[in-house]
Amino acid sequence: METQNVTNMNPKAGTPKAIITIVLALIIGFLVFQSVTIIQAGHRGVVLQLGAVQPQVFDEGLHFRIPFIQTVIPMEVRVQKSETSQTSASRDLQTVATTIAVNYHLDGNTVNKLYQQVGMDYTTRIVDPAIAEALKAVTAQYTAEELISKRSEVSTKVKEALAHKLSTYYIILDEINIREFKFSEEFDRAIEAKQVAEQQALKSKLDLERIKIEKEQEITKAQAQAEALRLQKQEVTPELIQLRQIEAQLEAIRKWDGKLPNVTGGAMPFINVDNK
Numbered sequence: 001m002e003t004q005n006v007t008n009m010n011p012k013a014g015t016p017k018a019i020i021t022i023v024l025a026l027i028i029g030f031l032v033f034q035s036v037t038i039i040q041a042g043h044r045g046v047v048l049q050l051g052a053v054q055p056q057v058f059d060e061g062l063h064f065r066i067p068f069i070q071t072v073i074p075m076e077v078r079v080q081k082s083e084t085s086q087t088s089a090s091r092d093l094q095t096v097a098t099t100i101a102v103n104y105h106l107d108g109n110t111v112n113k114l115y116q117q118v119g120m121d122y123t124t125r126i127v128d129p130a131i132a133e134a135l136k137a138v139t140a141q142y143t144a145e146e147l148i149s150k151r152s153e154v155s156t157k158v159k160e161a162l163a164h165k166l167s168t169y170y171i172i173l174d175e176i177n178i179r180e181f182k183f184s185e186e187f188d189r190a191i192e193a194k195q196v197a198e199q200q201a202l203k204s205k206l207d208l209e210r211i212k213i214e215k216e217q218e219i220t221k222a223q224a225q226a227e228a229l230r231l232q233k234q235e236v237t238p239e240l241i242q243l244r245q246i247e248a249q250l251e252a253i254r255k256w257d258g259k260l261p262n263v264t265g266g267a268m269p270f271i272n273v274d275n276k
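First residue of the sequence shown: 1, per full-length UniProt numbering; consecutive thereafter.
Hints are computed from structural coordinates only; laboratory data are not their basis. Remember, it's a predicted structure, so these values are computed and weren't measured experimentally. Honestly, I wouldn't trust all of these hints.
Cβ-Cβ distance ranges computed for the label pairs, FRET-style [said to hold, decoys possible]: (1) Glu-186 with Ile-213: 36 to 42 Å; (2) Glu-209 with Glu-133: 29 to 35 Å; (3) Glu-160 with Val-79: 15 to 21 Å; (4) Leu-50 with Arg-91: 51 to 57 Å; (5) Val-23 with Asp-128: 47 to 53 Å; (6) Ser-82 with Glu-186: 27 to 33 Å.
Positions of the beta carbon are idealized from the N, C-alpha and C atoms, including for glycine.
All chains should be modelled from the sequences, with the hints used to inform the complete structure.
If you want it as structure tokens, here you go:
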């Protein structure tokens, strides 16, 4: 009895149970921690079960997974930007260096397929080569001058071609912006010379049109004067001449001051006679 009481009073007797309890609690806590995953905003979770991609995709927020069996790979679905400079050839065989900025994002519902087929390095493997191929295909349809004058049309075609290529790998194209078309120095000098020649030709054309208009104005004015003289000539009649003579005589009488002239014209001169 004494020996049994001593054993029960020994504080070391409950130590193994406490240690086991603590270990079990830690294991359970670790398993609970491993079974929970949080997907951050702007991301989706690709679920791998023993290395195999699962059809389920985790949205943003808290999710549960099977510890040690399932792994979750976060993939960003926010808009991403890729800016690059590509060299291609125009239809007239001019070398064109194009600087282009592309905005795109991953399709959140199919990121598991993208991960399965391409992996995480989709920018290098898919996006950049697709941009280069789309640019080369479109610029080859235009001359160097048309690439400048039809820039909006070129941009639209590049966008359509690139969107089609990216959609094959579950990537959605948002927008493109062609920053610059750069050509060789020889081509730039040829374009400048052509612009100068076109400006000089336009100036000469305007000068010719101005001279032509001035000549036409002079001809019109001369024709108007000739027509006026013709009409005046048609209006001159004997009656009109007699009327103008009478009007002149009346005007002379109105202006007469009552004194006779010393000599009057005519066949017989009229000599001033003093009435003294």
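Going through the hints against the structure:
The hint said 36 to 42 Å for the Cβ distance between Glu-186 and Ile-213, and at roughly 41 Å that hint holds. The supplied range of 29 to 35 Å is broken by Glu-209 and Glu-133, whose beta-carbon atoms lie about 49 Å from each other. For the hinted restraint 15 to 21 Å between Glu-160 and Val-79, the CB-CB distance of approximately 19 Å keeps it satisfied. With their beta carbons about 54 Å apart, Leu-50 and Arg-91 fall inside the hinted range of 51 to 57 Å.
The hinted window of 47 to 53 Å between Val-23 and Asp-128 holds, with their beta carbons roughly 52 Å apart. In this structure the hint that Ser-82 and Glu-186 lie 27 to 33 Å apart at CB holds, the actual value being about 31 Å.
Checked against the numbered hints above, the structure violates only hint 2.
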